[in-house]
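**Q** Residues per chain are reported as follows:
Protein chains: 2
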Amino acid sequence: MKPVAGTRGALIGPAGQENGYVMKDKTITIYDIAQEAGVSPSTVSRVLTGNAHVRREKRERVQNLIDKYNFVPNALAKGLSDTMTRSLGVVAADIRNPFYAAVFMACEQAAERLGYTIGLFNSLNRVENEEEQIEKFRQQKTDAIILLGGRVDDLVTNTQFAEHVRDVCRTTPVVVTGKLDRTPCYSVRIDASAAMRQLMDHLFSFGHERIAMIGGRLDVTSTYEKYQTYSAMLHERGIRENGEYVVSGGYDYQSGYDGMNRIFALRERPTAVVAINDFAATGILRSIIEHGLSVPDDISVVSFDNTYLSELTIPKLTTTDYDYDHFGRLIAETAIAAAEHREPDPEVRVGTTLVVRESSGPASV
Amino acid sequence: MKPVAGTRGALIGPAGQENGYVMKDKTITIYDIAQEAGVSPSTVSRVLTGNAHVRREKRERVQNLIDKYNFVPNALAKGLSDTMTRSLGVVAADIRNPFYAAVFMACEQAAERLGYTIGLFNSLNRVENEEEQIEKFRQQKTDAIILLGGRVDDLVTNTQFAEHVRDVCRTTPVVVTGKLDRTPCYSVRIDASAAMRQLMDHLFSFGHERIAMIGGRLDVTSTYEKYQTYSAMLHERGIRENGEYVVSGGYDYQSGYDGMNRIFALRERPTAVVAINDFAATGILRSIIEHGLSVPDDISVVSFDNTYLSELTIPKLTTTDYDYDHFGRLIAETAIAAAEHREPDPEVRVGTTLVVRESSGPASV
DNA sequence: GGAAAAATCGCAATCGGTTGCATGTTGCTC
DNA sequence: GAGCAACATGCAACCGATTGCGATTTTTCC
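As you go down the protein sequences, you meet chains A and B in turn.
So for the first sequence, our numbering puts the first residue at 1; every next one is plus one.
So for the second sequence, our numbering puts the first residue at 1; every next one is plus one.
One thing to keep in mind: the hints can contain errors.
The list makes no distinction among identical chains, and a pair is therefore deemed to hold if it is satisfied within one copy or across any two copies.
[As the list claims (entries may be wrong)] Lysine to aspartate or glutamate pairs mimicking DMTMM-like chemistry, simulated, CA-CA at most 25 Å apart:
id, residue 1, residue 2
1, Lys136, Asp181
2, Lys26, Glu131
3, Lys179, Glu347
4, Lys26, Glu132
5, Lys136, Asp82
6, Lys179, Glu128
7, Lys26, Glu340
8, Lys136, Glu112
9, Lys26, Glu135
10, Lys78, Glu244
11, Lys179, Glu163
If you're looking for bench data, these hints aren't it; they were derived computationally from the structure.
Go ahead and model the full structure; you've got the sequences and the hints to work with.
**A** What follows is the structure, given as C-alpha cells:
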C-alpha cells in the first residue's frame, strides 16, 4: 500500500465520487477520529473497548464521531495486537448434507451470540483439502477450529490425520464431532449408541425380529458404535444375528437404494430396516416401492438424524432427533471456552430423542 | 498481549510441553526465520511472496527453515499491510436450503481455486442479521461481499436495505444473486424467466392447459419474473389465466402442502402444477397423495432448482437445472474481479436446462 | 486546605508482516 | 578495465489497532 502523504491521521475528506464512477472512500481509522476529536488515538481505542476510564465529555465527543462516520475498527489490526480474533474456523465434510447444515447453523448462531465470527470450509471429504483448510485457518489465527464429521470419524485414515491434528492442537484448540484417539482435542458428539437403542426398542415393541441395518461404513466411529449396539441388542433378545442383514455403504440416497436392493436379493427378507441416516432412508423407501411393497405395512423403515428430509418423504420417517440447537451450542461453547483457556469438558456426548412418524409399524407376518 | 522480553525475534525454543498439559508453542514469525537464517526479515518476506529477487542460496536457506518449522505467515499481519486479505464474505439466506448450499459450495470451490478464502454467515432472512453481518465482514476487511438470496431479492424491504448496501458498496464490492435497484453492486442470477418458459413449454407439449403455480412471494424479484412469464405464456396460447390457480406462499415444504390443499378446494382442479422450487414440490406431492390421486397420472408436478431433493422424491421431479458449478464460479469470479478492480460485467444471467424425470406426463382428461 | 488516592490520558512500543529507498554487488558490453 | 544496468539486500516506515507506564488532573478524606 502506498504510504499516505503527511503523517498519520490525515483529515477526513468528503466521500469520494467521481463522474459516475464509484470511488473507494478512504477507510477511516482511530487516528482520524482522534484528530477530529482532539484527543489521542489511545483515548479513542479506550472508548472503543470500553474497559477503561475516559472522561464523559471526551467519550461522547469520540462516540459521536464514530457514529457520524459509521466507523468500524479494523478487525485485522485488532487481532494483531490482541492475539484474540474472536473467530472460529469450521471445516465441514459436506454442507449440503442437511445434518451438517443443521449443526453448522446452530453452531454459528451460538458463536454469534457469544460474540464470535465463523469461517466455513467444505472438505468434501478429501483429506488434503481438510488439512489444507486447517492450515488456512491457522494462518488466519482463528481462536479455535471445529471439525464437523469428515476424517475425524474415520478410524482408518485416522492415524495420519490425527498426526496432523495433533500438531495443530499445539497452537490452536480443536473440537471435533467424532473421536480422534490419543489427540488432545475436544470431542462433542452424538450418543450414537443410545440412538440405536431407541430405534431398536421401538422396533422390538412392534414385534420385529428380522431387522436389517443399511448404509454407513464400519470404519467410521459413529457407525461402528451403532452396529455394536445393534448386534448387542439382538443378542440380548436371543435373536440370531444374520450377517447378510448388515449392508454397509455410504451415507447418501444411492447407498440406501443399492443396499435395500441387495436385501431384496435374499431368500428371507427382513420386516424392518434401520437406515444409517435420513438420506439413505429415502433411497431405501424408493427401493421398497419399486419392489411393489409398502412402508410400513410390509416393511418398517427407521433412521437417524431427524433432518427435514424425514418430514417430506412419503411416508414420513421415524428417526432419532438430537436437538441441534443444543448440539451446536455445545460445540461452539466448547470451542470458545477452550480458546479462552477455560478448560471445557474434553468429552461431551449429547442425548437423543425418538421421533415416531409414519414409516414404522407392527411387524408383518 | 504481554511484550516479550528482549528485542524482536527471540531464539526459537523447543516445542513447549509441561507435565502432561499441552502448552501453546511460541508462534514463530519471519523475524525468527530471518535471525536463524542470518538474513533480514525483508528477505524472508520476499521469498514468501516470491515476487522479488533473492539470491538462490539464501532463498533455499530460508525455505528450509520455513519447512522445518512449518511456518505459516500471519494472515492478519499480511492483510494489514496489503489491504488485500484475499477473502470473501458470504451472507446466505439459509444454508439448510439445498439450493443455497449448492451455490455456496460451488462458489467456495471456485474462490478457493483462485486463492481466496470464504467466510459464511446465515441471515435466516432477518434483516438486522443481514446488515449486522455485512458490517462484520466490513470490519474483517473481506475483499468483497456476496449476498445469496435473502433481502436482495425482496422488492419491498429493498428500499431501506438497498440504502445500506449502497453505503457498503462505497468501500467494498458487493455481488448479489438478486436485483437491487439503483445500487452499484454486481448481479449474477438465474434466468428465472427462461426457466419458467422451459417448464411451461414442457407442460404444453403434454397437452396441459389448466396449470397452477404454487409457492413464492410475488414481491420477490425472481418469483415475480416467473409469474410474469407464466402469465404471458398462457396468453400466447390463448388460455384464460385463472387467478385462483396462482397461490403464493413461501419456499418450503409447508407452503407447497398448504398451497396444494387450497387448490383442491376449487371446483375445477388443474392438470399440472408448477412449484416455486423442489422444496415446495415435496409438499405438493404429499397433498396430492393424501387426496388419493397420483403423480403424474392425475396431476403433473414440475419445479425449479434441481436440488438433490428432486431425485429422492417418489416420483422423481421434473425440474430446471442451473449448473451450480458454473453459477458458483461466476459469482466468485465476479466478486474477485471486482475486488481486484478488473471491472467485471455488472450483470450476468445464467441459463437453465430442463431435466425431465417422472413427475410430469400427459394431461389427464 | 493539603495530601493521598483515583481518574484521565498521551507517549511510544508492539503485534507480524510488506515495500520504497538507498546502498552495495554482479555481470555484461565494448 | 571502465561504465552501466540489473540484481540483492537491509533499513525503516507503515498498516490500524492495543496497552503499560508515567505524568497530570480530579476527587476524596481528614
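**Q** Decide, hint by hint, whether the structure agrees.
**A** Hint check:
no., hint, verdict
1, Lys136 with Asp181, "within (24 Å within a copy, 36 Å between copies)"
2, Lys26 with Glu131, "between (37 Å within a copy, 21 Å between copies)"
3, Lys179 with Glu347, "within (9 Å within a copy, 47 Å between copies)"
4, Lys26 with Glu132, "between (35 Å within a copy, 21 Å between copies)"
5, Lys136 with Asp82, "both (19 Å within a copy, 17 Å between copies)"
6, Lys179 with Glu128, "within (19 Å within a copy, 38 Å between copies)"
7, Lys26 with Glu340, "between (35 Å within a copy, 17 Å between copies)"
8, Lys136 with Glu112, "both (21 Å within a copy, 11 Å between copies)"
9, Lys26 with Glu135, "between (32 Å within a copy, 17 Å between copies)"
10, Lys78 with Glu244, "neither (59 Å within a copy, 57 Å between copies)"
11, Lys179 with Glu163, "within (13 Å within a copy, 48 Å between copies)"
In this structure, only the earlier hint numbered 10 is contradicted, and the remaining ones agree with it.
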